[in-house]
Amino acid sequence: MNLMTKETPMTNIECPRSVEESLRKTIGIRASAFVIPSSFVIPPITLGVAILSLALMCSANLSEILQFDREAVAAGQLWRVVTGHFTHWNLDHLFWDGVVFAVLGVLCERRQRGRFMLCLTAAAVLIPASVWLLLPELNTYRGLSGLDTALFTMLAGSILAEKWAAREWRWVTIIAGLMIGLGSKIAFEVFTQGTMFVDTVTANFQPVPLAHVVGALAGIVVAMLPELRAPAGT
Amino acid sequence: MSARTVAIVLGVAIGILAGGRAQAAGLLVADGGFGGVLEIKEHDVKVVINNGVAVTEVEQIFQNTEDRIVEALYTFPVPKGASVANFSMWINGKEMIGEVVEKQRARQIYESYKQTRRDPGLLEQIDYKTFEMRIFPIGPGAEQRIKVTYYQELDFDHDWATYVYPLATVTRSDIDQRTTGKFALTLDVKSEVPVKALESSSHSDEFVAVNHSANYVQASLETDGGNLSRDLVLAFKTVRPQTGIDIITSKQTDEDGYFMLTLTAGEELAEMNQGMDYVFILDVSGSMANDGKLRLSRNSVFAFMDSLGEEDRFEVMSFNVTTDTLFDGLQAATGERKQEAETFLEAQRARGGTVLRPAISAAYRYQDSDRTLNVVILSDGMTEQKEQRELLQLIGERPSGSRVFCVGVGNDVNRPLLQQLAEDAGGLAAFLSEEDSFERQAQAFRRKLMRPAIRDLRLRLTGAGSYDIEPQALPDLFHGAPLRLYGRYKGGADVAVTIVGEVQGSPLEQTVAVSLPKIDPNNPEIERMWAWHRVQRLMAEARRAGQTNKNKDEIVRLCEGYSIVSEYASFIVLENDAEYKRWQIDRRNATRVIRDRADQQKVRDELERLRQQAVAQLGPQRDRKEAKTASADRAAGPSPSTDQRFAQRASRPAPRNSSTSRDISVPSSGSGGGGGGAIDPISGLIALGLGGAALASRRRKRKNEGKKDE
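Taken in sequence, the protein lines are chains U and Z.
As numbered in the numbering used here, residues 405 to 638 make up the first sequence, in order.
As numbered in the numbering used here, residues 2 to 711 make up the second sequence, in order.
Please keep in mind that the hints were generated in silico from the structure rather than gathered at the bench.
Hints are supplied without guarantee of correctness; some may be wrong.
To be verified - Which stretches of chain U does chain Z cover? Using the computed rule of at least three CB atoms under 8 angstroms from a CB of chain Z, they are: (1) 492 to 506; (2) 547 to 561; (3) 574 to 586.
Beta carbons: idealized from backbone N, C-alpha and C, even for Gly.
Just chain U, same shape as in the assembly (with noise of 0.2 angstroms):
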């Protein structure tokens, strides 16, 4: 692994076959003196979402065309089911959502990069469906909530399901610890149709525990399919 100390001539670099390769070939050959140790590249996917979130934010415009509308979706902006989770109601909304996210996202593409995608698609979709059918009064949706809760469960579960296998009890421990206060959240939020420590009221919109529950479903269910293909990056 120590391809990242030799130098490349600027003029010679060839096509990169992947982004992660392009980083990796430019900041060596910019920063020679340095190896940039793999697990430090933030994989893709991960980032293009961040950075959209981020850029939706952005423009008020954008965000209303890409949030999840019940009426356009009914129109047939069929994109709205899926970008609407990239669309925020302002910055207190999008720091905690991305932060999470680009950790989590992180971690789990690394880790399972076909499994992280079938998360992703899977509660990309499913929440959106649940509060069509199950919150017909609820007209608009945004967050990357529902997608971070679903990327926990599926880590979270992989990693409880590889250490009960490997008999390793303190990690269990801690783990389903983790796993038990995220439950004990979405159970208060479902309870009392609030959020702790989020000023919604501020903020200016109505919490919707049902995407964590749908997406924390969605990603224990992910969590324990069998693999489906060798894991990237590892």
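On the provided structure of chain U, position chain Z as indicated by the hints.
Just chain Z now, kept in the frame of chain U:
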């Protein structure tokens, strides 16, 4: 009574009880069977508007130009929503300040003087606000000087506050509305919310306006002779960039304080995009034939319709004793439909009595469950008395999602009824005068309907011993129309103001802390306004209950204590202090007037100081940049507009009143109403904990794998 001025100030109730036409007033006429000619020698009006509360002091000198004794009839229409706070007249060269006493007692005193031909002055109010004052005798060539002070809250429409000095409301054909003497009006505007513009739609050429600072503006008009038959209308615009509250206080050392809290919707509230439904109900009863009220109403509806978009739907109705509809269904506000409506309205003629109830009942049937219905009533409110209670009951039974807006037309409108109808219906009342710019009013009204209101609004004050808050129930907050809350407080202390409501379906709850002072002599006018609101509320309760004597004792106590003329208390002016003593009438009003005048003089002195400061900045001290701007403005035209003059002084420091201002974060319509998941810090930390655990696990795994490889 020889050579003595005897005044009879007689308040005249306007005959809405009989459905009659309002005997509104103009200026001065020789009357009472004696004939004669009277002239107004001076007519001086001083207006101070303190955060939307206007105090108007009218001082007039009349002269008998004949060589014989005449009796004068002074007619004066106190404008909409005003409360007469003082009446003085000069007897034997000395100002005699009137006192408010319980109505029956005042009448008894008055009658006792009449029997001995020594007439006191008496001002009564039986229903609402037009009164006549008889002055007799005015000797040959003699002068009579009088002073009337009244308080009113100004109507705000889309940030524009309109002040009307009513001169046009004349129903007596023999009143000479020309003055041979001086007419002067000065207006001082103090506002915590910066004043952005000031204009007069009625006398734009005659007025000179200048803003000495962002929070203090002055306008004046002076003329020698001329026609005073037009209402004098001044409007100023205040803009609050962000939704918030402004509090001003009045606190003497020896009694509990008073506060006025103003809640204003800020610019950050965006317009709602979805269309709404409108039913315009036009009063075409006989009373609307007076003073061009039908024409004014018709033009107002045209202006309303013009401002509708095609996403809106509308219907037009007219009513007198029967109700007539145009479409029998809501129609999209297209050009063609608007044209049909104009034709329909043009064909209307004012005749018959006024029965409003069937029209409102019919309008309610236009309610669609998924759209907001706005019922806009244009009327002078001269409905049958027996119908008023039924109307209030009907308003209370309106379908959800509907609001009733009342537009009072003309100066002699039944303001209390229209105001109460609108307030009870979650809407609001606006009042149009002949000289108003009804296009602007209509557009402002339309914008107000479009703006997101804070619904189910409640304000809680905790701390500082606040009590007796008026009004007890707040209406919705509309954009451009601030809400005012009055109350008392026990001592100077911090107070927490909590605003609770609903903005476009989302809850709003926010608390801000303000500090109320231990002494504040700057705003005495809010004391009377607090009492006036309390009186209005008590009288409204009595109207709802249909019991005229309900709350009477409390109303009389407040009226006597704060010098408020009402249906239960009248102003009486006696000849000298000894007469007041004889009748055991406390000189409460005189004491208050003297105290208020002293306080107001201090305020005027402060304003004068500011004026001097502003003047000192003119001339050679101006820097090049200012001079360049001024010259550019001059180059732009021979007569710079008020706005330009305002702009030139925009940068001047704003003197602060004794107030407290706080902003409130009201969610804007562009970012709300929907749902979303939210990761809170706890969930975030749990997730980050999982991330850390995953990394640690992975590192440990690699380490173990490395050991195995070795």
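For each hint, the structure was consulted:
no., hint, in the structure
1, 492 to 506, "holds (count 8)"
2, 547 to 561, "holds (count 9)"
3, 574 to 586, "holds (count 6)"
Taken one by one, the earlier hints all hold for this structure without exception.
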